[in-house]
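Asks: Take a look at the letters that make up each chain.
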Amino acid sequence: MAADALLPFDEALAKYEPVLGFEVHVELSTKTKMFSSAPNAFGGAPNTHVAPVDLGLPGSLPVVNEQAVRYSISLGLALGCSIAESSRFARKNYFYPDLAKNYQISQYDEPIAHDGEVEVELDDGTVFRVPIERAHMEEDAGKLTHVGGATGRIHGAEYSLVDYNRAGVPLVEIVTRPIFGAEDRAPELARAYVATIRDIVRSLGVSDARMERGNLRCDANVSLRPRGAEKLGIRTETKNVNSLRSVERAVRYEIQRQAAILDAGGTIIQETRHWHEDSGTTSPGRPKSDADDYRYFPEPDLLPIVPSKQLIAELRAALPESPAAFRRRLQAEYGFTESEFRDIINANLLVELEQTVAAGAAPAQARKWWLGEILRIANARGVEAGTLVSPFHVSELIALVESGRLTDRLAREVLEGVIAGEGSPDDVVKARGLAVVSDDSALLAAIDDALAAQPDVLDKIRDGKVQAAGAVIGAVMKSMKGRADAARVRELVLERAQG
Amino acid sequence: MPDEPRVITAEQVEHLANLARIALTPAEIEHLAAELGSIVENVRKVSEVATPDVPATSHPIPLSNVFRPDEVGDVLTNEQALSGAPEAYDGRFRVSAILGEEQ
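Read top to bottom, the protein sequences are chains A and B.
For the first sequence, the residue numbers in the numbering used here are 334 to 832.
For the second sequence, the residue numbers in the numbering used here are 3 to 105.
Bear in mind the hints are in silico, worked out from the structure with no lab data behind them.
Zero decoy hints are in this set.
Computed spacing ranges between beta-carbons, pair by pair:
no., chain 1, residue 1, chain 2, residue 2, range
1, B, I24, A, S723, 53 to 61 Å
2, A, R661, B, G75, 42 to 50 Å
3, A, H609, B, R46, 49 to 57 Å
4, B, V42, A, H609, 41 to 49 Å
5, B, V42, A, E399, 35 to 43 Å
6, A, H609, B, A19, 36 to 44 Å
7, A, G599, B, N44, 46 to 54 Å
8, B, G75, A, E356, 29 to 37 Å
So, partial list: chain B residues that the calculated Cβ filter (under 8 Å) puts toward chain A:
no., residue
9, S66
10, N80
11, L84
12, Y91
13, R94
No experiment lies behind these values; they were computed from the predicted model shown.
Ideal placement from N, C-alpha and C gives every residue a C-beta, glycine not left out.
The task is simple: from the sequences and hints, build the whole structure.
Replies: Structure, rendered in structure tokens:
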């Protein structure tokens, strides 16, 4: 397949206005599925988290998970949506074996939440308001593995294997209205929007929102219209974008690809496109057209959801601070500069930092550890820093340094042990024998050994060359394997010189 | 009503049959177009007398909010799950090559 022609991004933007739209699917972290009491759990041997409803077996009937409804309402409220007085489920009919019933239970004309707005903060702190059209409940589909053929990909497949463990997992699909005015920041907005949705669902505790596990999935719609045009251009829907970085790259790619086609006098084909992480490109998938005839109709096996005013009021009262308000509050409380604070946001460590401070650490120390050693290790391993170590352990580590039991160097070693799963910082200190030696007699013995090897040091110090103490301090630190407080060793060496 | 415009055309029935993966003969299509047409016609008549203050009814019994607590219940074993499958492999349902793709 020939590579797509791309127009340089700046040129594309000069000629065309990008219009975005997103459909974000959030898997809810309920204990059970949307319509059956089979467990909603990631992984597991194939087809072991399934009940008759999930397989669409004759005679089985779906029953709505109350917790999923509560989570959906909370999410709707957090997106600034109105909650429908009455909403209902609908059947979306299609033939594809990712669901066994030949339809997906979704919501169509009466979604549970509609007409909201989300504040999205861009990297420099600019706030962009993204209009939300609706958030509706539906069930996730099973997983297909295509086997055979030359590449194992869909077109060459000889057969497919189906695992229905994920079928019926509760989803909320959040659909935006067309988003105008992002201009050259459209790719950045795409990433920031998905990050904001992730932060919101995490703060609500309604989803694990791990993109790499597919808990949160984004379809990005992009269209272009010539500068000054009223009418919206033809859009494409890019699927399979499974990281924040990919969302940004995919939107940028589509803007450049579509601009090149329009610039050459061509027309955009309305279609689904697939994002390829390795090549950083999109490729055509299914054409979208009137053939998307899902023949939605009200789900006859389920009754309408009519949430009481009390329930909505209760869930509204229980909403956590919005991520945007949370950021504003912490920035004021912690007293970091704008750029210090922005580093934390961009490293996606604000929640970790806040929990570390709540556990007793000073904000500056918490920031130093998270953005320093922990982030360094995370980057080296290609994982998220927040998954390496708990904020409570970081706070404990900082307390050990503050109390003088650990030097920074020892603390880094303790951190390594904690990340390796050896227990709390205190456990690692004990198990590895890493605490600072605070016993002066042990330090003095080491100092005397060092002085014996460098007998002229004391004279130099007496002559006013205090920096000569450095050689002794270094030798002591080495002989004690770093388990000495350098400042205390220095004090003791200077005392020796005077004494 | 041979001279009146058909409410449901043969083309529409053919389209629906195609979407539903049902093979119909031309005679069946004609027959169903007439039947579906009279159903639609009847619904239209009912709509004439339904005023805006009559709420839409999708169920004959006015029930709502029938929920299930979020508690894990029984699941099928892998063997049970696959027991009705025409073909299975490696704990999974085996189906023929897929021409379409995810919806």
